[in-house]
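S.K.: So the sequence lines, in the order shown, correspond to chains A and B. This note's numbering numbers the first residue of the first sequence as 133 and each following residue consecutively. This note's numbering numbers the first residue of the second sequence as 552 and each following residue consecutively.
By construction, these hints were calculated from the structure, which means they are not laboratory data. The structure displayed is predicted, hence computed values, not measured ones. Note that the Cβ used here is the ideal one computed from N, Cα and C, for glycine as well. Among the clues, some could well be false.
Unchecked claim - Derived DEER-like restraints, expressed as beta-carbon distance ranges:
1) 635/B - 314/A: 48 to 58 Å
2) 636/B - 312/A: 48 to 58 Å
3) 562/B - 277/A: 45 to 55 Å
To be verified - If you only want the chain B side, here are some residues facing chain A, beta carbon under 10 Å, derived:
4) 560
5) 562
6) 564
7) 569
8) 603
9) 607
10) 610
11) 613
12) 621
13) 699
14) 701
15) 703
16) 706
17) 710
Chain by chain, the residues:
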Amino acid sequence: MSMINYASREINCKLVYYGSGLGGKTTNLEHVYGKTKPDTRGKLISLATETERTLFFDFLPVDLGTIRGFKTRFHLYTVPGQVYYNASRKLILKGVDGIVFVADSQVERMEANQEAMQNLYDNMAEYGYDLTKMPFVLQYNKRDLPNAAPVADLQAALNPGWEVTDPAKQRVAPDPWHAGENLVYQLETGEWIERAPYFEAVAVTGDGVFETLRAISKLVLKTLS
Amino acid sequence: MSGSASWSFTEEDFNAITQALQKFLFDSNARCALLVDRTGQLVATVGEQLSFDPTAFATLTAADFSANDQLARMVGETDFNSLFHQGEKESMYLADVARRVILVTLFDNRTTLGLVRLKMKETVADLTKLFHEVFSRGAPGKAQQGGVLAGAEDEIDKLFG
Numbered sequence: 133m134s135m136i137n138y139a140s141r142e143i144n145c146k147l148v149y150y151g152s153g154l155g156g157k158t159t160n161l162e163h164v165y166g167k168t169k170p171d172t173r174g175k176l177i178s179l180a181t182e183t184e185r186t187l188f189f190d191f192l193p194v195d196l197g198t199i200r201g202f203k204t205r206f207h208l209y210t211v212p213g214q215v216y217y218n219a220s221r222k223l224i225l226k227g228v229d230g231i232v233f234v235a236d237s238q239v240e241r242m243e244a245n246q247e248a249m250q251n252l253y254d255n256m257a258e259y260g261y262d263l264t265k266m267p268f269v270l271q272y273n274k275r276d277l278p279n280a281a282p283v284a285d286l287q288a289a290l291n292p293g294w295e296v297t298d299p300a301k302q303r304v305a306p307d308p309w310h311a312g313e314n315l316v317y318q319l320e321t322g323e324w325i326e327r328a329p330y331f332e333a334v335a336v337t338g339d340g341v342f343e344t345l346r347a348i349s350k351l352v353l354k355t356l357s
Numbered sequence: 552m553s554g555s556a557s558w559s560f561t562e563e564d565f566n567a568i569t570q571a572l573q574k575f576l577f578d579s580n581a582r583c584a585l586l587v588d589r590t591g592q593l594v595a596t597v598g599e600q601l602s603f604d605p606t607a608f609a610t611l612t613a614a615d616f617s618a619n620d621q622l623a624r625m626v627g628e629t630d631f632n633s634l635f636h637q638g639e640k641e642s643m644y645l646a647d648v649a650r651r652v653i654l655v656t657l658f659d660n661r662t663t664l665g666l667v668r669l670k671m672k673e674t675v676a677d678l679t680k681l682f683h684e685v686f687s688r689g690a691p692g693k694a695q696q697g698g699v700l701a702g703a704e705d706e707i708d709k710l711f712g
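Next comes chain A alone, as it looks inside the complex (with noise of 0.2 Å):
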């Protein structure tokens, strides 16, 4: 639910990143915090335990442009990864206009993975949200790690795609962040899939924490155009 303000020219939209415990969300964000001008972004915000578990959320707010004259203003939440916490999870994503996933790359990971993903498609079902019919990425991070699964793999589970029934967008659409791939297409037996646009990352070191956030935030934006 974009908050759009004219009188300070301000478009205001919130951006969550979903997934396990121990995926890299809040690594997203504090890269993202350190690699952003102090003067267009807020505070980093960490609702956590003694531990460094997410307790609550983390929250950053970034300027990211200007577009026709409003600032465009993404403040960016982190879910706690733990099943145990489901109860606040689901109040971070009241008012969501776009959703990171990020997955645990590790084979080791893939249940804890499939388990938050449905848990996502849950939630957001309650508020009556269809994750289908909004900006939604996933993020396959820690590829760097030897344990690391193929990104088809991580793709077959977590982002096998949906059947396109409008018969306006059944046509295929290139994905424009992997040449020769694409992002809506037809399988052999007639049906029309799309898929989520998806992005490799390495959160700790930066690598993809830019690419996944200009991504998302560009799919936000086009559905204020």
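Given chain A, work out where chain B should sit, using these hints.
M.R.: Here is chain B on its own, set in the frame of chain A:
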């Protein structure tokens, strides 16, 4: 449920909201008042200059209110429509407006909780009326709102690559 619909307010709305808040501050002798929407966005702030980051403050306020909403449900209430946090010198009083916005008042010992609460009740009623008008315009205004960045695809592409 608000759904995912966006809402926007005009300069006129903003002036009316600000006026209502200024009147409230004058009557209650509180330090400052902030309006925060339920998703954590700061809508307006009136009164003394804040010494802290208002954006972070707005986010935490919305989270505070949301968490208390859930607590209310657990104890069998539909919501707690106001919250009071008392400090040694500074205190804050939060009240729901039209189920979509939160009015936050910061005050110190130059006034009393009773006066703040009394004046806040009147202000909440005024603001509720104002916001109902804004929201009722929200649905048909969607096309207009979609126009904010209409035709700006190129600019968006340029900014985000």
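S.K.: Starting from the hint list further up, note which numbers the structure goes against and sort them upward.
M.R.: none
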